[in-house]
Amino acid sequence: MKARTLKRIPLNIAALLVFAVSIFPVYWMILTAFKPAKDIQSATPKFWPSSISFDNFDTATSEPHFWDYWRNSLLVAGVGVLLALVVACFAAFAVARMQWKGRAPFILMVFIAQMAPWEALMIPMYLIARDNDLLDSLPMLTAIYFVMTLPFSIVTLRGFLGGIPIELEEAARVDGCSRFTAFRKIVFPLLAPGLLSTSLFGFITAWNEFAFANALLLNKPEQRTLPTWLNSFSNGITIDWGAIMAASTLFMLPVLAIFLVLQGKVTGGLTSGAVKG
Amino acid sequence: MSASKADAVVATPTQPPRNQAPSGARRATKPPRKPSGIVKSVTPYLLVAPAILGIAFLLFYPVVRNVMLSFQHYRFKQLISRSADYVGWENYQEILKDSEFWEVTRRTFYFTAVNVVAVMLISTVCALMLMKLGKTMRILVLVGLVAAWATPVIAATTIFKWLFRSDNGVVNWALVKLGFDYEGYTWFGHAGSTLTVVTLLIVWQSIPFATLTLYAGLTTVSTDVYESARLDGAGPVRIFRSITFPILRPIFALVASLEVIWIFKSFAQIWAIAGENGPINEVRTLPVYAYQQGMSAKLFDMAGAISTITVVILAVMLVFYFRQMFKQEREADK
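So the protein sequences, as listed, match chains L and W.
Okay, so the first sequence: first residue is 1 according to the working numbering, each after it adds one.
Okay, so the second sequence: first residue is 1 according to the working numbering, each after it adds one.
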């Protein structure tokens, strides 16, 4: 017994090291956000707050257009993901429940779309937006986020639908339900948890997206989203790291909340979407 | 296996459908309403139509537009006049003669290789470590990994800029404490050190996904298998070679090819770290170079050629990834 405990010490030290390295940047962000200015500027960093201050949050939230960025981010991510969810629901139903010619090519297309090289498409997208007078417009960005989250949503919803026994639907239809009523009354309630986790993961993707927001929302400051604003805030001339870290903390808060809500499903849901398809 | 976890959540209805039970007689008298032939055959296409339209307009059309752009003469003048002439392979000829393009390409591959090797090595060690840990320590490590995973990219780049700050950054302070000469070192003043920070950032953010996926793969084997192998007298080396490694190999290949694709096309991390106050021209990779050629230099045609080449490279990688994926699905079906 004793020898085993001894053997475990290096292993546990390694585990602590992994924990420390993974969590330190997040801890440092939150700590800095709550530090008074003199602690942030001091030459020897303090690893524990001597006093908690909310000044940094006041500074961050009183930046010009701060709440506009929140509204914009919520709008583009929310609407984009909701659209993706509805469209994905239809498509997933066709894929999981129906036999039709072209089903296999459609699935392949979804898989390819899921791995789309978005980062290499900023220039054509910029030109398309410009040709249609959609630069600096939130609807364009919303549409991009819709297509960005769509393939993932189809794949995961297909998985969830596959888990609902088809007999339930058949039974409802035997009793005279139309296909649509059977879906609405029987499948939909069972699908709800799947819909929730799919939409929340899609929301994170859209909420975090930077490249397109940066390329397409250039000129009107009040039209930007949180990531682009946060990035330019941290590149400013007079850099107030306390306020920047407070803003980052606020920006991360919804994502953290989602991860907590989905706790157990985090690994399952994300990996099934990304890896197993 | 992860899908089955999700299935378990939704597969059990809390209440049986109300009308299901006593329907033996009714079943005979009232057959299910069958839609007519045409409606039935059209329905699935109507259901997938919105998805196909969305993907066609906002994904395939930009890809096609990108290819068209790469065969046009399209610069600032054409941006204003909105008409451009086709010039054949001219842009490709020009870009392939550009030594900077080759430098950027070489850097992109090198950067990807370093990152992927680091991610896969550390993640494998972490996954194996998670298998051995006691419950408390395991939860602790998982909490740390999820915290890193949940950090949005731009929050992470912002944090890393602050960590590696030259005057009052905590990393320089720690390095000085450890006896290195890093007093006031400007990490974002040099190409090498900037790329180091970007690498650390990407590795830090990629490890949670890779580790948890590998760990999920390892846990599919029940502990009985290990137990009986141990009873049969297999040592740790033998167990690793005969049990752990064969399980890990396909998942490892899958995660590795995913990471190759993701890291090869990474843009936000490099742009946010070095875009404005850093040596971006010395650290740029292919997606960044294409973006700059278009947005800053207004050489949209060059940008089109560079991104088309990038898309082609990524497509080759994708074929490799799909082969891994389908191979694994087949093995899982067996």
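Hints listed in this document are in silico derivations from the structure and should not be mistaken for laboratory results.
Careful, some of the hints might be misleading.
Unchecked claim - Incomplete in silico selection of chain W near chain L, CB under 10 Å:
| no. | residue |
| --- | --- |
| 1 | ILE55 |
| 2 | LYS132 |
| 3 | TRP173 |
| 4 | MET325 |
Unchecked claim - Straight-line Cα separation of at most 25 Å, PhoX-like style, residue types lysine-lysine; simulated pairs:
| no. | chain 1 | residue 1 | chain 2 | residue 2 |
| --- | --- | --- | --- | --- |
| 5 | W | LYS298 | W | LYS97 |
| 6 | W | LYS77 | L | LYS46 |
| 7 | W | LYS132 | L | LYS7 |
| 8 | L | LYS220 | W | LYS77 |
| 9 | W | LYS298 | W | LYS77 |
| 10 | W | LYS298 | L | LYS220 |
| 11 | L | LYS185 | W | LYS40 |
| 12 | W | LYS77 | W | LYS97 |
| 13 | W | LYS135 | L | LYS7 |
| 14 | L | LYS101 | W | LYS177 |
| 15 | L | LYS38 | W | LYS177 |
Ideal Cβ positions, reconstructed from N, Cα and C, are used throughout, including at glycine.
Exercise. Hey, LYS101 (chain L) versus LYS177 (chain W), does the alpha-carbon distance stay inside 25 Å?
Worked result: Measuring from Cα to Cα gives roughly 67 Å; hence the hint is violated.
Exercise. Given the hinted pair LYS185 (chain L) and LYS40 (chain W), is their alpha-carbon gap at most 25 Å?
Worked result: Measuring from Cα to Cα gives roughly 21 Å; hence the hint holds.
Exercise. Are the Cα positions of LYS298 (chain W) and LYS97 (chain W) separated by 25 Å at most?
Worked result: Since the Cα atoms of LYS298 (chain W) and LYS97 (chain W) sit roughly 19 Å apart, the hinted pair holds (cutoff 25 Å).
Exercise. Going straight from one Cα to the other, do LYS135 (chain W) and LYS7 (chain L) come out at no more than 25 Å?
Worked result: holds, 16 Å
Problem set entry | Hint check, LYS132 (chain W) versus chain L [nearest Cβ-Cβ separation less than 10 Å] | Holds, about 6 Å.
Exercise. Does the structure keep LYS77 (chain W) and LYS46 (chain L) at a Cα separation of 25 Å or less?
Worked result: Violated: LYS77 (chain W) and LYS46 (chain L) sit about 55 Å apart, past 25 Å.
For this session: For the pair supplied as a hint, LYS220 (chain L) and LYS77 (chain W), confirm whether the alpha-carbon distance does not exceed 25 Å.
Result: OK: LYS220 (chain L) and LYS77 (chain W) at ~23 Å, within 25 Å.
For this session: Verify the proposed pairing of LYS77 (chain W) with LYS97 (chain W), using a straight-line Cα cut of 25 Å.
Result: Holds, at about 24 Å.
Exercise. Under the criterion that the straight-line Cα-Cα distance not exceed 25 Å, is the pair LYS38 (chain L), LYS177 (chain W) satisfied?
Worked result: holds, 21 Å
Exercise. Holds or violated: MET325 (chain W) as interface residue toward chain L, Cβ cutoff 10 Å?
Worked result: At about 6 Å, which falls below the 10 Å cut-off, the nearest Cβ of chain L leaves the hint on MET325 (chain W) intact, so it holds.
For this session: Double-check TRP173 (chain W) for me: the hint is only fine if its C-beta lies closer than 10 Å to a C-beta in chain L.
Result: holds, 6 Å
For this session: Quickly compare the C-alpha distance for LYS132 (chain W) and LYS7 (chain L) to 25 Å and report which way the hint goes.
Result: Answer holds: LYS132 (chain W) to LYS7 (chain L) is near 11 Å, not above 25 Å.
The earlier numbered hints that this structure contradicts are 6, 14.
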